[in-house]
Every structure is written in C-alpha cells, then in structure tokens.
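Protein sequence lines, in the order shown, are assigned to chains V and W. Counting from 1, one number per residue, gives the positions in the first sequence under my numbering. Counting from 117, one number per residue, gives the positions in the second sequence under my numbering.
Do not rely on the hints blindly, as some may be mistaken.
As the list claims (entries may be wrong) - Taking lysine-lysine and the BS3-like style, the derived pairs with C-alpha atoms no more than 27 angstroms apart in a straight line are: (1) W:Lys158 with W:Lys173; (2) V:Lys78 with W:Lys158; (3) W:Lys158 with V:Lys42.
Hint data in this document are derived by calculation from the structure and do not stem from the laboratory. In this text the structure is predicted, and so the values were computed from the model without any measurement.
Here is what each chain is made of, one letter per residue.
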Amino acid sequence: EPEVTQTPSHQVTQMGQEVILRCVPISNHLYFYWYRQILGQKVEFLVSFYNNEISEKSEIFDDQFSVERPDGSNFTLKIRSTKLEDSAMYFCASPPTGIANTGELFFGEGSRLTVL
Amino acid sequence: EDQVTQSPEALRLQEGESSSLNCSYTVSGLRGLFWYRQDPGKGPEFLFTLYSAGEEKEKERLKATLTKKESFLHITAPKPEDSATYLCAVGHNTDKLIFGTGTRLQVFP
C-alpha cells in the first residue's frame with residue numbers, strides 16, 4: 001500500500017522558534033493536505049496544495065504558516081514563530097490517485113509538535 | 117455552519133456484542149461522507165465513502181449506511197482488534213474534510 005512518510009515523528013521546541021515539518025508524499029501525486037489534531041480534539045484542516053500551489057486554507061493557517069514543495073518530492077509545513085497553542089499532531093495526507101480530490105485520503109503517521 | 121457530530125463519545129463492548137455508532141451532519145452541498153479509523157498515536161485510516169442517501173458499504177465486521185442527515189457505522193460481532201477511534205468526516209464543495217470528534221471504541225475479550 002502506498003505510504004505518506006512524515007518527519008520528525010516528535011519535535012519539542014521553545015515558543016517563538018521556527019519549526020519545519022516534512023512529508024514525503026506518494027510520488028507523482030499532485031494533491032497534498034496538512035491537517036492537525038490537538039490532543040483530545042478533532043482532526044482539523046489546515047491547507048490543501050494542488051499542482052504546487054495552495055488550493056485552499058483554513059482560518060488556522062495564518063501568516064505564521066507556510067507550505068512548500070522545495071525539491072519536487074518533499075512537502076514541508078513551516079511554522080515561523082511557534083505558540084503554545086500550536087502543540088498538536090500534524091498530519092500530511094494525499095489521495096490514493098493523487099490527481100482527484102475524492103475525500104479518500106492516505107494519512108501519514110503524523111509529527112507530534114510540543115511547544116514549551 | 118457545516119457541522120459533524122458523533123455519538124457516543126465512547127463505547128465499551130464485550131467481544132461479539134454488536135452495536136452502532138452515529139454521525140449526524142449539517143453541510144451545504146454534501147460531496148461525500150467518509151469513515152476513518154484512528155489508532156492511538158497514528159494517522160486516520162480510510163474505511164468507507166458514502167455519496168447518497170440509502171447507500172451502504174461493508175468491510176469485514178463493519179457496515180456503513182447513510183441517510184440525508186446521518187450515517188451509522190454498524191459493528192457486528194466485534195473483536196478486540198476493532199478497538200480504535202472511529203472518525204466521521206464530510207466533504208462538500210471545497211477541498212477540506214470536516215471531521216467529527218470521533219467515537220472511542222473498546223472491545224473486551
């Protein structure tokens with residue numbers, strides 16, 4: 001089964017520091033997503049990325065957040081100046097076909113971010 | 117406002133004791149209703165997509181059904197390995213999925 005690989009699995013950072021979370025999605029796919037899940041809460045949409053451009057973003061995805069696909073394979077989520085409330089599990093996801101947004105998504109194992 | 121509500125929050129079953137999980141939703145322009153399974157510390161794992169009222173999907177001990185306002189995930193004769201959090205999500209006219217808070221299922225031998 002295709003995989004979405006995320007690194008790091010866990011990152012601890014100080015408030016105000018920059019964090020970069022990385023995702024290696026299913027190769028040749030055009031659609032990617034970032035979701036997050038604060039402990040004990042629901043999975044929340046952050047941003048969708050189609051054909052190397054942001055397709056849609058939520059209110060959570062403010063100016064502190066950015067996404068890039070710097071080398072055509074890795075897909076990164078950057079948080080410029082972390083806040084305590086950014087502590088969460090961050091999931092990268094991609095649809096199995098990679099070209100159609102069907103709502104059926106492969107999620108990575110997640111990156112747990114802890115902001116102190 | 118688009119909303120997904122799941123009940124119960126938690127469910128404890130004896131092995132073999134069948135039950136149902138509920139997902140009620142209000143969304144404009146439903147594009148699909150999705151069920152996911154999430155194990156502790158892991159990402160959600162896709163189970164089913166339902167597109168229209170009356171549709172049913174089955175996979176092993178799980179069966180998902182859809183009406184115009186809610187979906188049910190029926191678990192028949194569950195086993196301990198079915199223990200997980202089951203998430204319901206809806207898609208509409210945008211890219212994003214809107215998730216419910218999930219039902220945490222524990223099945224005891």
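**Message:** For Lys158 (chain W) and Lys173 (chain W), compute the direct alpha-carbon distance and say whether it is at most 27 angstroms.
**Reply:** holds (24 angstroms)
**Request:** Verify the proposed pairing of Lys78 (chain V) with Lys158 (chain W), using a straight-line Cα cut of 27 angstroms.
**Result:** Holds - the C-alpha atoms of Lys158 (chain W) and Lys78 (chain V) are around 21 angstroms apart, at most 27 angstroms.
**Asked** Holds or violated: Lys158 (chain W) with Lys42 (chain V), Cα cutoff 27 angstroms?
**Response** holds (14 angstroms)
Of the numbered hints given earlier, the model fails none.
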